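Protein chains in written order, with my numbering: chain U, 1 to 381; chain H, 1 to 381; chain F, 1 to 381; chain R, 1 to 381.
It should be emphasised that the hints constitute simulated quantities derived from the structure, not laboratory data. Since the model is a prediction, treat every value here as computed from it, not as a measurement. Hints are not guaranteed to be accurate.
Copies of the same chain are indistinguishable here, so a pair counts whether it falls within one copy or spans any two.
Lysine-lysine pairs mimicking PhoX-like chemistry, simulated, CA-CA at most 20 Å apart [stated by the list, open to error]: (1) K293 <-> K169; (2) K354 <-> K5; (3) K7 <-> K358; (4) K247 <-> K5; (5) K7 <-> K354; (6) K354 <-> K251; (7) K141 <-> K169; (8) K126 <-> K66; (9) K5 <-> K360.
Protein chains: 4
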Amino acid sequence: MPHLKFKEIERAYGFDEVALVPGDVTINPDQTNIDFTVRDFTLSIPILASAMDAIVDTAFAIAFGKLGGLAVLNLEGVQTRYENPEEVLSQIARTPEKQVTSLLQRIYSEPIKDKLISQRIAAIKKGGAICAVSVTPANTKRLAPIAKDAGMDMLVVQSTVTTARHVSKSYRGLILPELCQQVGLPIIVGNCCTYSAALELMRTGIDGLLIGVGPGAACTTREVIGVGVPQITATLHCAAARDAYLKESGKYVAVITDGGIRTGGDLCKAFAAGADAVMIGSPLAQATEAPGKGYHWGMSHSHPALPRGTRVAVGTTGSLEQILFGPTSVTNGTQNLIGALRTGMGVCSARDIKEMHKVKMIIAPSIKTEGKYFQATQNVP
Amino acid sequence: MPHLKFKEIERAYGFDEVALVPGDVTINPDQTNIDFTVRDFTLSIPILASAMDAIVDTAFAIAFGKLGGLAVLNLEGVQTRYENPEEVLSQIARTPEKQVTSLLQRIYSEPIKDKLISQRIAAIKKGGAICAVSVTPANTKRLAPIAKDAGMDMLVVQSTVTTARHVSKSYRGLILPELCQQVGLPIIVGNCCTYSAALELMRTGIDGLLIGVGPGAACTTREVIGVGVPQITATLHCAAARDAYLKESGKYVAVITDGGIRTGGDLCKAFAAGADAVMIGSPLAQATEAPGKGYHWGMSHSHPALPRGTRVAVGTTGSLEQILFGPTSVTNGTQNLIGALRTGMGVCSARDIKEMHKVKMIIAPSIKTEGKYFQATQNVP
Amino acid sequence: MPHLKFKEIERAYGFDEVALVPGDVTINPDQTNIDFTVRDFTLSIPILASAMDAIVDTAFAIAFGKLGGLAVLNLEGVQTRYENPEEVLSQIARTPEKQVTSLLQRIYSEPIKDKLISQRIAAIKKGGAICAVSVTPANTKRLAPIAKDAGMDMLVVQSTVTTARHVSKSYRGLILPELCQQVGLPIIVGNCCTYSAALELMRTGIDGLLIGVGPGAACTTREVIGVGVPQITATLHCAAARDAYLKESGKYVAVITDGGIRTGGDLCKAFAAGADAVMIGSPLAQATEAPGKGYHWGMSHSHPALPRGTRVAVGTTGSLEQILFGPTSVTNGTQNLIGALRTGMGVCSARDIKEMHKVKMIIAPSIKTEGKYFQATQNVP
Amino acid sequence: MPHLKFKEIERAYGFDEVALVPGDVTINPDQTNIDFTVRDFTLSIPILASAMDAIVDTAFAIAFGKLGGLAVLNLEGVQTRYENPEEVLSQIARTPEKQVTSLLQRIYSEPIKDKLISQRIAAIKKGGAICAVSVTPANTKRLAPIAKDAGMDMLVVQSTVTTARHVSKSYRGLILPELCQQVGLPIIVGNCCTYSAALELMRTGIDGLLIGVGPGAACTTREVIGVGVPQITATLHCAAARDAYLKESGKYVAVITDGGIRTGGDLCKAFAAGADAVMIGSPLAQATEAPGKGYHWGMSHSHPALPRGTRVAVGTTGSLEQILFGPTSVTNGTQNLIGALRTGMGVCSARDIKEMHKVKMIIAPSIKTEGKYFQATQNVP
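For reference, chain U alone in the conformation it holds in the complex (with noise of 0.2 Å):
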């Protein structure tokens, strides 16, 4: 049909389009590596919690910590606005479906306090836990010198899409090279989900980039504004940009996809499809030691005039360390997701995370149709 094409497109995937292929040898789960190191911290397991609200404050930080994993505390949520966010976070999840986007709101308008700043980061240092803590590029320059006066280990910037370049009349961008400089500590950026993206930002002195825009079970963007991409292509491209960054400078830039991993099976695939680490939110806002009560929302979702995101009633379902590490009687994959990981990875002959990005992977939907035949069991008096 077409005499003169407008423009290419290409097919991209998400978790669910793609499985894994069985390697040729099978190495028992303990026998596999999972280490995650950026600069001097290395982490046992390659897990980052999520900088939302209702996932990390400073008790669920030590405790992540204590297990191996980095929690990242968001400076500007309720911890910093509120002397007593639990109250807060009490009203959120009480708080109707129909008001709770307005309530956020009005929420997220309270000021953000420099004091709390440093009473949180000095509350997860005394804890004994790494402490990293994520920013918004417009509030970076205010922010940072205050965090790392108060001792943060690692610094977060991240936006939806966040890039190397920012136009703007009402104030000067965040220039990453100078910030990387003035802060010293290893920097973590994001989000962002192509190699041309991946690779600017890279070349800008930072020590790792999230990967991913629109993926996450509490976000919305795709439907406001059409934008997003896939993780598995997300990441399948932005690790390519780590690679053609690392022949280009000899530095490693750790990938870490965020966003849209529910089960363990999802986790597999990221690391398949080229991520050095992972962040993952709701998976943890399950856990008892989560702040949210079983409920889970994003960061967009409180923008006063164009909101994005859904709250989502994810449930209490287990202490953090089942969830990480089981044992479980759950099924479905939102338990044990270490052990399904270094389960998968012996599955698919990865002794490590690296040998994990060569693992073959096929595009392959999951239709479950079994349904028209027999039915997972209900209600068995």
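With chain U's structure known, arrange chains H, F and R on it following the hints.
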């Protein structure tokens, strides 16, 4: 299997099957320019309101014009058939689903009154808005002169499918080059969805082309006659024709995607597919100012022998201003459409609509499977 | 992943996966010609009524013939097994779903009566209609002579899959070239769905070929034996075989798409895929004149050991005339099929069926997602 | 979008996405030969019953053998852990869904008794059936000698994924060439789903290979660890490996598709994809003779730390004979599997399984949309 191919068939795409890819530069929404120009008329927002009875009456046209858009009044709808259309519209809203098609068939069999055409146009002009009106090809010769005398500013000639050539025994087809000369005002023609038909229509001297056959929420053309091209593919092809015609003639004919747009996401995708402007129905039918009282139905729904359409209950969700500019607490993309467009453009490195045409697009079916694990909250007590 | 390929698999398409593309010229529906000719018989509408007990009895055959179509009477159904088929049909309509398959198995084990064959054919001839009857290959040698003596005009030899060659130890297979010579009347054979099988069948001397294995609403062949080719692909391949055979022999064998057509849209698509005529079941089972009383079931549903089918509740929605020619207030494409065909042809620049064969077709899965935002109105009080 | 590709991903297919294409010759079902031979054993039907506790106990193994198939007794299930497995099976059937996984974890922690292994094997041999038993790789060295002494005829070594090479620190992996020599009986190994792993396994001296990772009705491997290859693609690849190995060595290793087969249609497709035999679970769990009492669950469902599976309510629908040979009044393909296989072969021009390997297959997603227009009848009063 085939030894000899009977015909080739290519894949086409709709709004829900694609997504936009963020660019390498982010731009503050307030730095974007979304003007749309047709000859001497420049709109500050690139949106036309559909020539449908559930959307445009004189009051709506004036209100929509004040906000920067252009509403098209249907000269063959209830506004020109009934002195008091209000009554008829109430009746449509009150009638049960099963009887509504035959009611519409009855209502639209009432003759069009010349006097009412003049009155409606005068009212819009008096209200200070640009006055655009629509007619079907078969009635154009009779109605266009009346509308011109009454002071219309722009003429829209519209049917399900309109081509530069028409074969009929009962009447001499409308000759578009003649019409363009006689009317002497900007003329927009539609609908159309292919490269070759678009090119032929552009060569008749028109100023804009409506793109879209069978995509709208209130349309069942595809079920009834099997015909339809999904909007992304249709817009891509007609935008290619526009660029080809520009090279051929030096004249830029506006490509206006019409139908199927329900959210800010769809809106952004239409522009990325090559649209210069969009014509929207359902999103505006939800406005307090819309004459449809929360309902919406299509132009072919009242065909006496072969009706195509459904009445859709869109509900009344906010003021026209809120739907276009927010602020909002709705997170599904149906409010603050202009905020969404500017935000989407900023994320995709587009300073204006022409740059939006260059944004990368991917094929990424929107499969939401989180429901299996969690669910958006409902009925929190 | 594969080092050596075991077999190639190609994509096939059904009605719901494609759509027609409007042409560059629009034609008034009343300017289209839809005649269908087999030897000396010309039908004014290119539609055959399926040889199914829920659709064709003698009265229906006469009524359908008067409207321009051709109904095929099944010589192995209830009409020739029972003096009073009315009673049996009532029983089928009254029986609960769970028992209906075994009831059908019982009903169809009653022997076929030669006398009833003659009576039914005589009745149709007396009513002034062209009389076409169907038999299965295994019974053709016995039943065809009886039917010929009784005055049939056309013979349809039909089973799930019929080929020019058959291997059996229990009986000498039906030799089609011999049959064609003996009968001396137009012969239509089916069903078939591939290029090579179609070509072989055409070479036996037949006049028409029924296309379609496993697509009908009342068919479960694909679930039971895994066999089936979606109708668009099947029709495209057999139409290619027809054109190849025409070149080879100078004879034009009619390609008749049989099964799976439910709407005017499907009908239009069948012709665009290369059909010269269609055979339809479910849409006609909805007629007041249909003997099935609002129900519909398939020919293989009563197989004594391996039944394939479901009884489908189609309801009774209008007169045969309304279903074929309208006018209608139904907007889902199931009424005014001929109006829909002529309108679709006009929009696609096709003056006759041969031109309809040249219409462009695209792959465009019909995903309706508006439900997420609005809904077709229901229960308006 | 990508400048450098991180990895290639290919499309894979499952049962519901393909269909078989009729051939140019039709063959009477009674003319087809479906024998399956492994070394000196020839089965008159090419079906193995899954080594699952819901399907095979000693009585079932004898009954299934009499009908021509081969049942595999799981030596690590309830039959060898409990004197009276009947009680345990009743408990599983009675327990509510939410508690069943932890119950299974408890039940399967009971030790395996050597004495029971001998008793069960003796019982099957006494019943006159070929006795095949299954063990996991980790337990093979201990259990295989006991089973051999007790008189087993064939050994199945099975786990989710089994490879020719295994890396472990806790034990010396199972060396398959050694096992084959020591046991001296036919050995079947699985599961496997790729060309290269299949080829390596074939080279160890085994006689048959089970194909399928993650496809069964009672399996959630893909959700939990992201691993799985749809059965059509897996079978196609392993069949290619079989042919390659035959060329290389002159030895024909049986390819046995295991898991995901629910209907006669699936069965036919497995053979067309290259299977020499199939192993089925759910369809047999529906037999009166099945020990699962209408329920079905998988081998990994009882994993103490990372359970994968769901208990599926399959119901009890008929005798084993009826499920295999009919006659039936069930039309969804779950009964008369052998009748369906022979009918499918006949329609596809296949006289035996080797000819079935050559049948054409198409990609044709089974989308049933008739529901929109009509519906299968329910609750007819």
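Here is what the structure says about each hint:
Within a single copy, K293 and K169 get their C-alpha atoms no closer than 41 Å, and across copies no closer than 42 Å, so neither meets the 20 Å cut-off. Proximity of K354 and K5 under a CA criterion of 20 Å is satisfied inter-copy only: 16 Å between copies versus 40 Å inside one chain copy. For the identical chains of this complex, K7 and K358 are inter-copy neighbours only, at 8 Å across copies versus 32 Å inside a copy, given an alpha-carbon limit of 20 Å. Taking identical chains as interchangeable, the C-alpha atoms of K247 and K5 lie at most 20 Å apart only when they sit on different chains, with a minimum of 14 Å there against 35 Å within one chain.
Taking the shortest Cα distances, K7 and K354 sit within 20 Å of each other only across copies (14 Å), while inside one copy they are farther apart (35 Å). For the homomeric pair K354 and K251, the shortest alpha-carbon distance inside one copy (16 Å) is at most 20 Å, but the shortest distance between copies (38 Å) is not. Taking the shortest Cα distances, K141 and K169 sit within 20 Å of each other inside one copy (17 Å), while across copies they are farther apart (51 Å). With identical chains, the CA atoms of K126 and K66 are at most 20 Å apart within one copy only, with a shortest distance of 13 Å there and 59 Å across copies.
Within a single copy, K5 and K360 get their C-alpha atoms only as close as 33 Å, which misses the 20 Å cut-off; across copies the closest is 14 Å, which meets it.
In summary, the structure is inconsistent with hint 1 from the numbered list given earlier, while agreeing with all the others.
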